[in-house]
Amino acid sequence: MNTTKAAETRNDWPPLRVAKRALRRVFDPLERGAERLFTPALNPVAQLGTITFFLFWVVAVSGVYLFLFFDTGVVDAYSSLAWISGPHWYHAGIMRSLHRYASDLMVVTMVLHLLREFSLDRYRGTRWFSWFTGVPLIWFLYVSGITGYWLVWDELAQYVAVISAKLLDVFPVFGEPLARNFLTPDHLSGRFFSLLVFLHIAIPLILLLAMWIHIQRISRPKTNPPRLLAGLILAALLAAALWKPALSQGPADLTRVP
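Taken in order, the sequence shown gives residues 757 to 1014; the numbers are from the working numbering.
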């Protein structure tokens, strides 16, 4: 650690110092263990940012493939996913599971990347721009994930939709409670699902642009993990998709509030 960084660390607000030390106690042994297991060149803990970029492309490609078979609508959305995971499990069903697990893993790697960069004091000085543009990426990813859950329109999707709407109702922005749109069948239409599809496509495109902006001030940025590491990650995702396919719960029932 250079003198300037050491001085900055000493001048940190005490809770920040404690938080960074606690995180380093977690990340240091993880990095050492991963380095011994995967070799330094393939250490996934040291390449969380590039892994996140790779997972984005896995999610994007699998999502485009699923869109070919997905129908929007209160009834059609659920039935099309049943068709995807049922008779066509061997291609569309695997892609659905790959899309789901890659999305979940992307959330994990992005959060871990943020925590690791914070623990390494990479949120100020020459790194302030990357930190400033990186933190909002989590919210783009969160909103994209929420709209994806809604599109499944099973019992879990209904629960997520109602809870999300009630949380939004806390803010006095909308004229009438949004939760009312999900509590009675009369307020939900196919046009709403078309809007969800639009958001689920548009938000990831905005996320990709924001990710590009995020790396603009980094000298020689890397956005791809080593091919072997990428292959191992993809193989693990495919194995998970075959071992435990992503399936829908029972269909959403708007006559019952979860």
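Simulated from the structure, these hints should not be mistaken for lab results. Mixed in with the good hints, there may be bad ones.
Okay, derived cross-link-like pairs now, DMTMM-like style, lysine to aspartate or glutamate, Cα gap no bigger than 25 Å in a straight line [stated by the list, open to error]:
{"id": "1", "residue 1": "K922", "residue 2": "D910"}
{"id": "2", "residue 1": "K978", "residue 2": "E873"}
{"id": "3", "residue 1": "K776", "residue 2": "E787"}
{"id": "4", "residue 1": "K1000", "residue 2": "E911"}
{"id": "5", "residue 1": "K978", "residue 2": "D832"}
{"id": "6", "residue 1": "K978", "residue 2": "E791"}
Cβ pair distances, simulated, as ranges [claimed, not checked]:
{"id": "7", "residue 1": "R947", "residue 2": "W769", "range": "48 to 54 Å"}
{"id": "8", "residue 1": "A958", "residue 2": "E791", "range": "35 to 41 Å"}
{"id": "9", "residue 1": "V831", "residue 2": "L793", "range": "21 to 27 Å"}
{"id": "10", "residue 1": "W999", "residue 2": "S945", "range": "35 to 41 Å"}
Cβ coordinates follow ideal geometry from the N, Cα and C atoms, glycine included.
Hint by hint, here is what the structure shows:
1. K922 to D910: Holds, at roughly 18 Å.
2. K978 to E873: Holds, because 15 Å separates the two Cα atoms, which is no more than 25 Å.
3. K776 to E787: Roughly 16 Å separates the two Cα atoms, so the pair holds.
4. K1000 to E911: holds, 19 Å
5. K978 to D832: violated, 41 Å
6. K978 to E791: holds, 19 Å
7. R947 to W769: 48 to 54 Å: This hint holds: roughly 49 Å between Cβ atoms.
8. A958 to E791: 35 to 41 Å: Given about 39 Å between the Cβ atoms, the range holds.
9. V831 to L793: 21 to 27 Å: Hint violated: Cβ distance 48 Å, outside 21 to 27 Å.
10. W999 to S945: 35 to 41 Å: holds, 37 Å
Hints 5, 9 from the list above are not met by this structure, while the remaining hints are.
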